[in-house]
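Student: Residue numbers (the working numbering), protein chains in the order written: chain A, 40 to 416; chain B, 40 to 416.
Misleading hints may appear alongside valid ones.
It does not matter which identical chain is meant; a pair holds if it fits inside one copy or across any two.
To be verified - Mimicking BS3-like on lysine-lysine, the simulated pairs with C-alpha atoms at most 30 Å apart in a straight line are:
1. LYS416 / LYS307
2. LYS351 / LYS84
3. LYS349 / LYS204
4. LYS384 / LYS307
5. LYS204 / LYS351
6. LYS122 / LYS351
7. LYS351 / LYS340
8. LYS123 / LYS307
9. LYS204 / LYS123
Since the hints were derived computationally from the structure, they do not count as laboratory data.
Here is what each chain is made of, one letter per residue.
Number of protein chains: 2
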Amino acid sequence: MATIAFRSTTPTSLSIIRHAFRSKSPRFQSTSSSLSSLSDDGDNKRPSIAIVGSGAVGGYYGARLWESGSYDVKFQMRGENLKKSTSDGFVVTSIDGDIFIPPDQLQAFEDPNDVGPVDWVVVCLKSSSLSDIPDLVYPLLESKRTRILTIMNGLIEEDLIQLLKERAGGEEFCAALYGGMALVCSNRTGPGTVDHSFAGLLSGGLAISQERVFTDEENQQAFQDLWAPTSIDIAYEQSLLAGRWRKCLWNLPFNGISVAMGGITVDKIVNDSGLRQLANIIMDETVSAANADMAAHGFGKEMYLDDADKKKMMDLSDNMGPYRTSTMIDFVEGRPLEVNYLFTKPVERARALGVCVPHLDTLVTQIEAYQRFGNLK
Amino acid sequence: MATIAFRSTTPTSLSIIRHAFRSKSPRFQSTSSSLSSLSDDGDNKRPSIAIVGSGAVGGYYGARLWESGSYDVKFQMRGENLKKSTSDGFVVTSIDGDIFIPPDQLQAFEDPNDVGPVDWVVVCLKSSSLSDIPDLVYPLLESKRTRILTIMNGLIEEDLIQLLKERAGGEEFCAALYGGMALVCSNRTGPGTVDHSFAGLLSGGLAISQERVFTDEENQQAFQDLWAPTSIDIAYEQSLLAGRWRKCLWNLPFNGISVAMGGITVDKIVNDSGLRQLANIIMDETVSAANADMAAHGFGKEMYLDDADKKKMMDLSDNMGPYRTSTMIDFVEGRPLEVNYLFTKPVERARALGVCVPHLDTLVTQIEAYQRFGNLK
């Protein structure tokens with residue numbers, strides 16, 4: 040298994056794949072080798088997928104995978120979410136079409152040991168639960184078969200790989216590990232219910248893979264094939280590092296300001312001249328840190344973030360309405376905040392690279408203090 | 040009248056005068072010419088003082104002046120404060136000794152036209168009420184007799200002088216105008232009641248004076264004589280500009296962070312490692328802006344703010360306990376915030392001088408946004 044996270048195979052630009060069909064019924068059965076199931080216990084030999092963490096993000100993307108009809112999808116859930124979903128079904132309301140998974144079709148589990156190895160593990164936990172991942176994921180892995188996709192926030196890869204290696208007692212815990220960045224407005228509205236209100240682009244890039252099992256090209260194809268039967272727009276990141284920073288480009292100003300201002304929605308930020316300007320400055324600081332980090336990792340300028348990326352994020356936010364960012368929800372509801380990987384790590388990385396990010400530093404100092412005051416760890 | 044605010048006559052260092060006696064009974068009758076009353080309607084020829092704004096600051100310092108027995112003190116009050124004080128008396132609880140002004144000894148007024156010219160006008164309003172000052176103060180002035188002392192926050196002098204000149208239809212509206220900086224923890228606890236919990240040093244410096252009436256030395260002596268019969272520790276600022284910035288050195292980090300963090304007390308700031316560090320950085324930025332401003336006004340380096348000033352402010356804050364800053368109280372109680380002169384002007388001045396104050400800029404952007412959101416103007 041390669042040891043370098045944030046791989047770049049070819050320095051091509053990001054291409055977004057828009058799926059032409061958005062049917063709720065299964066219309067697609069993949070024939071690509073990367074998608075065919077290596078599992079014997081799959082339903083009708085469909086590839087098996089375990090969604091670890093079925094909240095706002097896992098619930099949404101997992102339901103889209105289930106909706107395609109192409110996969111044997113199993114949802115890891117806990118507590119009220121598990122109870123309500125298994126009794127009444129799992130409900131996704133969405134601007135792109137609602138989904139209802141009836142209780143008799145919902146495969147939900149709490150303990151991953153009840154499932155065993157699958158083809159794909161899609162991890163959608165808060166980065167504040169990073170240390171829980173090895174125990175939750177390990178029983179779902181078969182070293183040369185399973186691919187992991189972490190649709191999570193923050194610069195998590197280095198620590199996650201280390202944790203998984205420790206759990207596996209060695210390097211080869213999976214066939215490939217991807218990072219996923221969800222540009223989606225999705226909130227859990229209650230046990231067994233998720234509301235998707237805006238956007239939905241999912242980008243992903245490779246963190247590490249076992250080169251003796253799959254080539255990088257096969258891994259890229261596998262990621263694209265995974266989402267092909269769904270209505271999800273995807274983009275493949277040749278550099279996961281660029282993808283992570285591009286997600287920071289939204290998270291740092293918008294999750295950041297929404298919390299630092301005591302819990303405000305995105306419309307308040309974009310519609311206030313001062314906060315909008317602050318968001319712009321935070322994006323400038325993020326671009327500087329991102330590009331210095333990419334230079335330090337040997338990526339060329341064609342990978343760098345730029346004003347077009349900034350504009351995209353601001354345009355997206357302008358159309359988001361009174362969206363409550365995930366960190367803002369955690370904050371106002373007194374739940375653990377995603378501070379370390381989402382906020383502290385980017386600032387630390389900027390500092391280590393000698394990049395000045397004083398506005399961001401102020402916000403992050405405030406958020407860290409809120410976390411300490413509320414014991415939101 | 041000299042047109043330059045922030046005068047410096049001699050570049051001596053700040054000297055703090057500690058009064059040896061702290062009696063509640065009058066023990067001092069000034070014989071200095073600058074203190075002897077020019078008024079005919081004074082009680083026993085004692086110098087007359089009008090306190091304009093009898094809240095946390097005006098109530099405290101006004102009561103100390105009254106307590107000395109040396110002055111004919113008249114308190115400008117409004118609404119519930121006026122009603123309660125005139126019926127039940129004015130109460131100051133203080134770590135330096137309580138004061139009670141019985142109703143039959145309290146001279147309170149609402150309309151300054153009922154008072155007429157006095158020797159001293161001590162203005163203790165929020166800087167957010169700056170534009171109310173000319174109408175409140177003008178009836179109390181006799182151009183060649185009255186000295187004005189504004190114990191107020193922020194870089195107010197330039198605008199205030201302009202407003203007073205406009206109201207007077209000319210330049211010579213008073214004999215001398217001083218700026219006062221109160222390093223005091225004092226809160227209004229209800230109508231007719233003020234609580235003084237910590238510190239109390241009052242520094243002051245000359246903004247402008249009529250040179251044909253008094254010399255700068257006479258004005259300095261007059262300021263010192265004013266407070267001599269009281270228990271208030273004073274300091275005379277050879278440069279009002281330095282004094283204003285020295286006050287900013289506390290206000291910007293502590294009022295600033297207390298509001299930007301949604302309304303927290305000073306102990307929360309000094310006891311949290313991150314916020315304490317942020318306060319330190321804000322002080323560094325303030326020192327840079329202050330010294331650049333002093334250089335631009337032609338003051339020498341002996342006037343500059345330095346690490347000793349920073350340390351003094353941090354030591355003061357370390358002993359302040361759960362003190363609620365004035366802006367924090369206004370914020371949590373939904374009252375107008377002192378944003379413009381306390382926060383925006385210092386940032387604007389720094390920007391005009393090319394001094395980088397990004398951490399402060401972030402806080403001020405947040406505070407300005409809170410002001411807009413809550414319509415706290």
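Student: Would you mind marking each hint as holding or not holding in the structure?
Tutor: Hints, one by one, checked against the model:
For a Cα distance limit of 30 Å, the shortest separation of LYS416 from LYS307 qualifies both inside one copy, at 26 Å, and across copies, at 19 Å. For the homomeric pair LYS351 and LYS84, neither the shortest alpha-carbon distance inside one copy (40 Å) nor that between copies (74 Å) is at most 30 Å. Taking the closest pair of Cα atoms, LYS349 and LYS204 never come within 30 Å of each other, the shortest separation being 36 Å inside a single copy and 48 Å across copies. In this homomeric assembly, LYS384 and LYS307 come within 30 Å of each other (Cα to Cα) both inside a single copy, at 26 Å, and across copies, at 24 Å.
Proximity of LYS204 to LYS351 under the C-alpha cut-off of 30 Å is found in neither arrangement, the shortest distances being 36 Å within a copy and 51 Å between copies. Proximity of LYS122 and LYS351 under a CA criterion of 30 Å is satisfied in neither setting, with 40 Å inside one chain copy and 59 Å between copies. When the C-alpha separation of LYS351 and LYS340 is checked against a cutoff of 30 Å, the pair qualifies only within one copy, where the shortest distance is 19 Å, while the shortest distance between copies is 48 Å. For the identical chains of this complex, LYS123 and LYS307 are neighbours neither inside a copy (34 Å) nor across copies (41 Å), given an alpha-carbon limit of 30 Å.
Neither within a single protomer nor between protomers do LYS204 and LYS123 lie at most 30 Å apart by alpha-carbon distance, with minima of 35 Å and 72 Å respectively.
Of the numbered hints listed earlier, those contradicted by the structure are 2, 3, 5, 6, 8, 9.
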